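*Asks:* Using the hints provided, position chain P relative to the given structure of chain A.
Protein chains in written order, with the UniProt record's numbering: chain A, 1 to 355; chain P, 1 to 355.
Same chains, same names: a pair is fine if it fits in one copy or spans any two.
Calculated cross-link-like contacts (lysine-lysine; reagent style DSSO-like; alpha-carbon spacing at most 30 Å):
{"no.": "1", "residue 1": "K346", "residue 2": "K105"}
{"no.": "2", "residue 1": "K346", "residue 2": "K323"}
{"no.": "3", "residue 1": "K274", "residue 2": "K346"}
Since the hints were derived computationally from the structure, they do not count as laboratory data. Because the structure is a prediction, the values reported are computed rather than measured.
Number of protein chains: 2
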Amino acid sequence: MGNIAAEKNGVVASSASANKDLINGKILITKNGNLSSNGETNTDDQSTEDHHHDYAIAPSISAEIIDKKEHCNQLDHPEIEGWFAEHCSIWPGQAHFLKSSSYGKVFVLDGALQLTERDECAYQEIITHLPLCSISNPKKILLIGGGDGGILREISRHSSVEQIDICEIDTMLINVYKEFFPDIAVGYEDSRVTLHVRDGTAFLKSVESGTYDAIIVDAFDPIRPEHELFESSFFELVAKALRPGGVMCIQAESLWFQPFNIQNLVSKCHHIFKGSVNYAWTIVPSYPSGVIGFMLCTTEGSFVDFKHPVNPIDPNRISGVAKGPLKFYDSEVHSAAFCLPAFAKKAVDTKVVGQ
Amino acid sequence: MGNIAAEKNGVVASSASANKDLINGKILITKNGNLSSNGETNTDDQSTEDHHHDYAIAPSISAEIIDKKEHCNQLDHPEIEGWFAEHCSIWPGQAHFLKSSSYGKVFVLDGALQLTERDECAYQEIITHLPLCSISNPKKILLIGGGDGGILREISRHSSVEQIDICEIDTMLINVYKEFFPDIAVGYEDSRVTLHVRDGTAFLKSVESGTYDAIIVDAFDPIRPEHELFESSFFELVAKALRPGGVMCIQAESLWFQPFNIQNLVSKCHHIFKGSVNYAWTIVPSYPSGVIGFMLCTTEGSFVDFKHPVNPIDPNRISGVAKGPLKFYDSEVHSAAFCLPAFAKKAVDTKVVGQ
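In isolation and in its complexed conformation, chain A is listed as follows (with noise of 0.2 Å):
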């Protein structure tokens, strides 16, 4: 069984949801295989094709519909009607149980949340205005994944942009987003991004060097230290495709969950970008732990202090193809995220570098 996009109750379940009582309405369904994940690196460049964009209306699901994601485990119990259940065993002993009642609509891919509509904001605006923000005069950014739109929503905000290229693979999930979140998948009205429908490792062979100020990468999974990113040539290819001090954003993983490797990983960032590096965090409580991290590395250059941003942006302005202002970013909310708590400090200070 293939892709599936069904909502009930405000969820939008993708492919096999772990509860099947969600996706028992209106569905949507492709001819072919699982959805990819965004940001991941597949090495087979012939992934370029536009394979998931037909899809028909279908009355119902049968139960061979399981959850296929490898690492994500189903809780051994009966479903709960009515709510979402998310448990993984790359968060062992803890549960998400939610209803969206409370949430707006959420969108759930392989049995994993992706994203409710209150909190989205949080995840959106984080991820991209904390490289952005760092960097003066952004022009040229790329975003690998993130085929929602609602980094491209926020890219959307920067006057000095001229360009925002978007490398998604899997055009089904961009149609998902645009019939059920269309306030998030606004950001493709922006008549600066250009979508190229490729594996992310694919397209950055094909970037000349130095290209980008600013790349963003919405993996599917937060980057740790044993993340399969690092082993490939992806990381290369990235700082490679940036310019001199340009600036790399990706979700890392959650300052709560043990153990909580954050030297490594910066070490691991520094070796491959060789300028600064360091880590921030932001709340979003439909995620797991109710944080989410990020790593932020630039490439040799100037020096990037990423506590204090260089290129503010009016919290007040709306601009750009967003319908409103910033929900949950401005300056002081960019310098606390960079703020840890005492555990992690310790652990990321004797290794944050280039500062």
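*Replies:* Chain P in isolation, oriented as in the chain A frame:
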């Protein structure tokens, strides 16, 4: 059926647990009724007797045990073996499932999660050091509730403190913590501590005006504008017990729960306390939404700039009865605790007063 404390798989459940599976181990059972809530305004001045001190070992527990906490509803689904479940109507649309393996021991009271060994540092350190580091030279401290001893442990780090009164009606709770959580109950070992087994309101009525430099209220539920404590004389009594410019800290609602009625809360607090009022928050992953708020209020007197602590604490020094240095708090974390996401800041900035 009365108070029960039992440990199984690292979860200590007291009174009726939402997950009966957790309370089939060793069971402590009292003679009397429900455990009292910390910091609640029991207007019955007769409730000052120590009526929870008797307990005995019981081998098992009957099915009569149900969740009697009126505003907490159980999820209508079968239990999940080995997991603790919490679902409360005061945080609609979100349920917590925790397995103790990754959180250390977990304490559950009347079906509501109270703390875990993994993250108790965040709550205890923030609720203590935000007020005590915001004023100079605190000497006399009152803690209402907080029977676990963790806040006492944190107060103990302050060498200026000469007197620590704790008013906790529930000695059963204290005994449970001393047995199962010695690193938290260690706070009672400070020789400056005097335990008053009394109802908080009754105790406050007996206190001379202007006695305390700081009062910390470890309420069972976070305060909201409609909280029952505002209907009573409780806060007036707290304000009266503080010296001019003295400070109160109490846990307040999460900024993620709607309606986040912080304006109303700040107004009510300022009306009662007359001095500086501000709202802070911290992350606690085992609490619903992953964050919890705090209201800080001073009585009329010297201006208190909560955001910039005047009485910093050395993060590396082990002092008082605590067995290790601070895990979570430092001066930077203090300032960041008052930094709110844009949507919440807009609500607070128009109402933060006295600054």
